[in-house]
Structure formats: structure tokens, C-alpha cells
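Undergrad: Just need the whole structure built from these sequences, with the hints factored in.
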Amino acid sequence: MKAETRNAAAAAAVLLALCAVPFLAGKFTIYLAMRIMLLGIFAVGYNLLLGRTGLLSFGHGAFYAAGAYGLGLFGVHVSTHPLLGVAAGVVTAVLLALLVGTLCVRHTEIYFAMLTLACGMMAFSFFWNAREITGGDDGLIGILRAPVSLFGGIKMPIGKDGQFYFFVLFFFVLSVWAVHRIRQSPFGLALAGIRENARRSEFAGVPVRRYRLAVFVLSGAFAGLAGSLEALLESNARPFMAHWTHSAEPVLVSLLGGMSSLAGPLVGGAIFVGMREIVPRSTENWMLWFGIVLLVIILGFRGGVVGTLSALFRKAVAPGEG
Amino acid sequence: MREPLLTTEKLSNHFGRVCTALDLDLRFEPGVLTSIIGPNGAGKSTLINLLTGHLPVQAGKIRFRGRDITRLPIHKRVRMGICRSFQVVNVFPELTVAQNVMIPVLARTGRAWNPIRRLSRETAVLREAEAILTKVALLAERDTPATALSHGDLRLLEVGVALAAAPTLLFLDEPTAGMNPVERVRLLENIRQLAREGRTTFVVVEHDMDVVFSLSERIIVLHRGEILCDGTPAQVRADAKVREVYLGDDVSDLFRYEEK
Chain F
1 MKAETRNAAA AAAVLLALCA VPFLAGKFTI YLAMRIMLLG IFAVGYNLLL GRTGLLSFGH
61 GAFYAAGAYG LGLFGVHVST HPLLGVAAGV VTAVLLALLV GTLCVRHTEI YFAMLTLACG
121 MMAFSFFWNA REITGGDDGL IGILRAPVSL FGGIKMPIGK DGQFYFFVLF FFVLSVWAVH
181 RIRQSPFGLA LAGIRENARR SEFAGVPVRR YRLAVFVLSG AFAGLAGSLE ALLESNARPF
241 MAHWTHSAEP VLVSLLGGMS SLAGPLVGGA IFVGMREIVP RSTENWMLWF GIVLLVIILG
301 FRGGVVGTLS ALFRKAVAPG EG
Chain Z
1 MREPLLTTEK LSNHFGRVCT ALDLDLRFEP GVLTSIIGPN GAGKSTLINL LTGHLPVQAG
61 KIRFRGRDIT RLPIHKRVRM GICRSFQVVN VFPELTVAQN VMIPVLARTG RAWNPIRRLS
121 RETAVLREAE AILTKVALLA ERDTPATALS HGDLRLLEVG VALAAAPTLL FLDEPTAGMN
181 PVERVRLLEN IRQLAREGRT TFVVVEHDMD VVFSLSERII VLHRGEILCD GTPAQVRADA
241 KVREVYLGDD VSDLFRYEEK
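Read top to bottom, the protein sequences are chains F and Z. Under our numbering, the first residue of the first sequence carries the number 1, and numbering increases by one thereafter. Under our numbering, the first residue of the second sequence carries the number 1, and numbering increases by one thereafter.
Hints in this document: simulated from the structure, not taken from any laboratory. Where hints are given, some of them may not hold.
As the list claims (entries may be wrong) - Not close to chain Z: a few residues of chain F, all C-beta gaps over 10 Å, as computed:
hint: 1; residue: Leu15
hint: 2; residue: Pro22
hint: 3; residue: Val78
hint: 4; residue: Asp161
hint: 5; residue: Leu189
hint: 6; residue: Ala190
hint: 7; residue: Gly193
hint: 8; residue: Val206
hint: 9; residue: Pro207
hint: 10; residue: Glu234
Unchecked claim - Selected chain Z positions facing chain F (in silico; Cβ < 8 Å):
hint: 11; residue: Cys83
hint: 12; residue: Gln99
hint: 13; residue: Pro115
hint: 14; residue: Leu149
Unchecked claim - Using C-beta positions, here's what the derived DEER-type ranges look like:
hint: 15; chain 1: F; residue 1: Arg6; chain 2: Z; residue 2: Thr123; range: 21 to 29 Å
hint: 16; chain 1: Z; residue 1: Leu126; chain 2: F; residue 2: Leu84; range: 39 to 47 Å
hint: 17; chain 1: Z; residue 1: Ala148; chain 2: F; residue 2: Ile141; range: 53 to 61 Å
hint: 18; chain 1: F; residue 1: Leu98; chain 2: Z; residue 2: Arg117; range: 18 to 26 Å
hint: 19; chain 1: F; residue 1: Trp289; chain 2: Z; residue 2: Arg71; range: 53 to 61 Å
hint: 20; chain 1: F; residue 1: Thr102; chain 2: Z; residue 2: Ala59; range: 29 to 37 Å
hint: 21; chain 1: F; residue 1: Thr108; chain 2: Z; residue 2: Arg117; range: 50 to 58 Å
Where a beta carbon is used, it is the ideal one built from N, C-alpha and C, also for glycine.
TA: Next up, the structure:
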């Protein structure tokens, strides 16, 4: 079987399984699946920046939070329509990413990482202190899940978790598909070129800074989407969404799953959410155990879970070539 | 006199107290295959770096087809038709050979911004990339990652990536460094052929004197950032100053490069 067919089959199987979750699983599993998908959207978009373009940002929590607050404030002041709210959240995140990105993409490596970290911390303290607008340390609470009204007066309720699940699933599939297409596009190749050799990219006629800004804003948009969906899921927007510890999540998840594939951050996200829920039941220090897992992956399996497994698989299929 | 492609006016550059370019007034005319030679530290690479935008110009002016490009960023110069290859191989290591040459083609045709279209559907770009790989004799390796190529093939790819930007003026910085004699002859034949086609004007920095004198129509000799001599190979060979500072240690130079 060709690799492409195999990947398509795997994607279809996962999609089918995801569609079945609300009918077969309990409330808690549905909730966990939604958290995994949210982190998946966040990480898969973020990995366009990290894995594809080779830029390490520690500030994407800010865009996640911008998405959540954007949706929340839009709900309070304009309309509670969930689709419009999500759009407002994404637009807010994009605007913030444009601002932060313009400042940061002039630099690379550690300077870029530290600048994004600084911007993220400023965003956090804004959400924390601007009590009049953001609700301060309480955050915005009581965000509603109004029914989705479409053209022709059809109303789809998303109030229950079993209903909202499909709302999340829709955006999850959309995001994964979009990132998949971007990775295979000319734009995706140009980004890989920038990661491999930025100077040569300039001598290939690629305006490197503008591409960096574009992918920064794009990954910010995915972060905003994930944030606005979390605001709907948890009925609130919290300043800690912008905290640097949250910004680190897509980094950890990409390392865990593998940065070079589309599936890597998704698998990493599933493991991360799973461990965060299950490990604390038997021990208090879940971060210790997660740290050990990460240590093993980074020291022994650079390609992450997905990279290592697919290398093993290739070996099994074509033993002679190794 | 023909309209020059590129001219410089009093172009200067210093690294601390070391002068690598001093009031250089140069003209490059279309179709004249030019070599730049000079002992180590003469300012050959610096000159290329200045002309292509790799180094910011400290003093002087650069014009390309009459337009002032002194402060233009690299990618804009490339779009105007100035490109270069590097002395040390400088390609996209984890990408395949075909992808390496596709990036400049995509950038040139303005297609690199498209985030949705599948790369495999860009048949015109693929065909152009293949044509370039045929020129540098790398078509058979099209799906090999650049890291897996031999040194000689990497040097060919280096030139291929530069050619893919379809430059009108192409600077090659020691294109045959570290190549074996067979590969060297093949690459030089290629350059000669491409120069004859006339779309690209080549300016070559080279250490191998056999290469320089057999290939060039014009030779510029640099020494400590200044032009020592500028003329046809015959003129340069006859120049007393050049013999003194440079051709005298020609033999030792050659040996040093064979060892690499």
C-alpha cells in the first residue's frame, strides 16, 4: 500500500472513532476528547511555526487567550452567536499576533523566543490587571453556549457536551485538514526552506521576514481558534490561558509527539491530556512523571512518538533497507 | 560601449582596520564571462557579498541596470536578476534535490505564497525544476535528500539552486572547490555552455588558474581591496604587478586546494 493511501485510511479510521465517542463513551471521556482536540488545534497550528519554519515561540498562550477573551467580549457586547463569536476570537488573536509578530520576526532563535515570551507575559498581565475589560483575575465568566442559528432559521443547540462535541470536532477536522494542505503547498515548502537555510532562502528570492510573519500570524489564528472553543467549553476566559506555562504546552506536545509530522503534535496532545488526567490519581507530582517521559523522548527518541513509530514501521515493511 | 549590467562607484568596505574593498569602480557588461582572482584576503568574497546584499555597503554606490540598489534587501536583488552561489555548500539540507531548486522557481514566479494548492499540481514549476536539474546533471537524484549527496553533487546542486532563480547576473564563489577533476571539467563545461546561451552573465571567483584562464573573457585581479589589473587573460598574464603579487605563488595555491 502506498504511504498516502495508508495515511488517508488512518485518518478516516480516527475520524470515525472520534464521531463514535459521544455515543459510546461517558461524560468524562467526551470532555477529555474535547480537551485533546483543543490542544490538538493549538499544537498543530503552532507546529507550522516550530516544526515547519524552525521558530520557537514561547508566547502563543497570548493568542489562545486573545481568542477566548475575543469570543467572551463579543458575546457580552455584540452577539452570542457561537460561530460569530469564534470568528471574533480568531480575528482578535490574528490582530494581536500581527502586532507581536511584527516586533519579533526580525530576530531568530533565542532572541525570538525571549521576545515572544516577553510579549506573552505582557499580554498575561494585561488580562490580569485590566479588570474593567477582562474581569481581572476572575476572568470572564458565564460565557454562554447559545444555539448555532444558520441560514434558513435552522437552530442547532450546542448546550450539552454531547452536542458541543461535534462543534469542536468540526473545527478540529477543519484545522487538521487546513494544516495538512499548508504542509503540502508551495507556501509550506518555502517555510521548510526557511527552516533549513534562511540565508539561502533570501538568495532564492524569498522575502524571509514576511514569510515568518505570515506563519506566525497563521499559527496565532489556530491558537485563537482553540482558545475561543475552550471559552465555550469551560464557559470562561482566564488570564492563565496567556501564561507562559500554557505557551509551553504546544512546545512540549510537539516534542513529545514529533515535530516533523502532522500527526506528531496530535498524538503528543493526546498523551499529554491523558497523562494530566490519569497520573495525578496515583501520585501528586504528575509533572515529575511527565518530565521523565519527555526526558526519555528527547534523549532517546528524537523523532518523538510518531517519528519513532513510523521509522520502526518502515523498517518492518522494508527490512533490507534499514 | 554596451549598456552595463552592474556598476559600482567608489565601493568600500572595512573590517576593523582591514580594508577589503577600497573605492572600487567596476562595470559588468552583459555576456562577458568574468573571473575575479586575487590572493587570500584580497576581497573577492567581500565584493560578491557587497554586490549581492549579503553585507551592508559602508560607502559607495551599486547600480543595476541604472537603478540604485545599494540598500536593496537580498530577495529584491534576486528578483531583479542578481544571484550567487556560495563558497561553502549552502543548500536546503533536509529537502530533496528537486525541492531545492523548486524554491527559487516558486519564489520567482510568485507562487510560493499559495498555502492551499498542492505542490504536486504545480506541473510547470516541476518541469522547470527538472530542466534545471538536467542542466547540472542531477536529474537522476531528484528525490534524494540533499544531505545524502556526494560533495561533488552538492556543488552542482549549489549552482543549480542559483540558476533556478533565473539570474541575469550570477556570481559563482569558487564553484569547483573540493571537486575531483572529472566533476570540475563537467561543471566548467556547463558554465561555458550556459554562458553561451546568453541569458545569464557569469562572474566567477576561482583559485584554479587553469580554470580562470581557459574560461574567462575578462579577469579582474584584486589585491588588498584594490583592483590590481582588469583586462583580458592575455593582458593579465603579461602584467608585471600581477606576476609579482599573485601568479608567483600560483603553484603553492593550487596544491593547497588539491588537499582540501
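Undergrad: Does the claim that Ala190 (chain F) lies off the interface hold, with its Cβ farther than 10 Å from every Cβ of chain Z?
TA: violated, 4 Å
Undergrad: For Pro207 (chain F), is the shortest CB-to-CB distance to chain Z above 10 Å, so the non-interface label stands?
TA: Violated, because the least Cβ-Cβ distance between Pro207 (chain F) and chain Z comes to about 5 Å, which does not exceed 10 Å.
Undergrad: Close enough to count: is the Cβ of Cys83 (chain Z) nearer than 8 Å to one in chain F?
TA: holds, 6 Å
Undergrad: Are all C-beta atoms of chain Z more than 10 Å from that of Leu189 (chain F)?
TA: Violated: least Cβ distance 6 Å, not greater than 10 Å.
Undergrad: Measuring from the C-beta of Pro115 (chain Z) to each C-beta in chain F, is the shortest one below 8 Å?
TA: holds, 4 Å
Undergrad: Hold the hint about Leu149 (chain Z) up to the distance rule: shortest CB distance to chain F must be less than 8 Å.
TA: violated, 14 Å
Undergrad: Using the C-beta atoms of Thr102 (chain F) and Ala59 (chain Z), is the stated range 29 to 37 Å upheld?
TA: holds, 31 Å
Undergrad: Are Trp289 (chain F) and Arg71 (chain Z) spaced within 53 to 61 Å by their CB atoms?
TA: holds, 55 Å
Undergrad: Quick one: work out the minimum CB distance from Glu234 (chain F) to chain Z and report holds if it exceeds 10 Å, violated otherwise.
TA: holds, 31 Å
Undergrad: Minimum Cβ separation between Val206 (chain F) and chain Z greater than 10 Å?
TA: violated, 5 Å
Undergrad: Measuring from the C-beta of Gln99 (chain Z) to each C-beta in chain F, is the shortest one below 8 Å?
TA: holds, 6 Å
Undergrad: Should the label of Gly193 (chain F) as a non-interface residue stand, given a Cβ cut-off of 10 Å to chain Z?
TA: violated, 5 Å
Against the hints set out earlier in the document, violations occur for numbers 5, 6, 7, 8, 9, 14 and 21.
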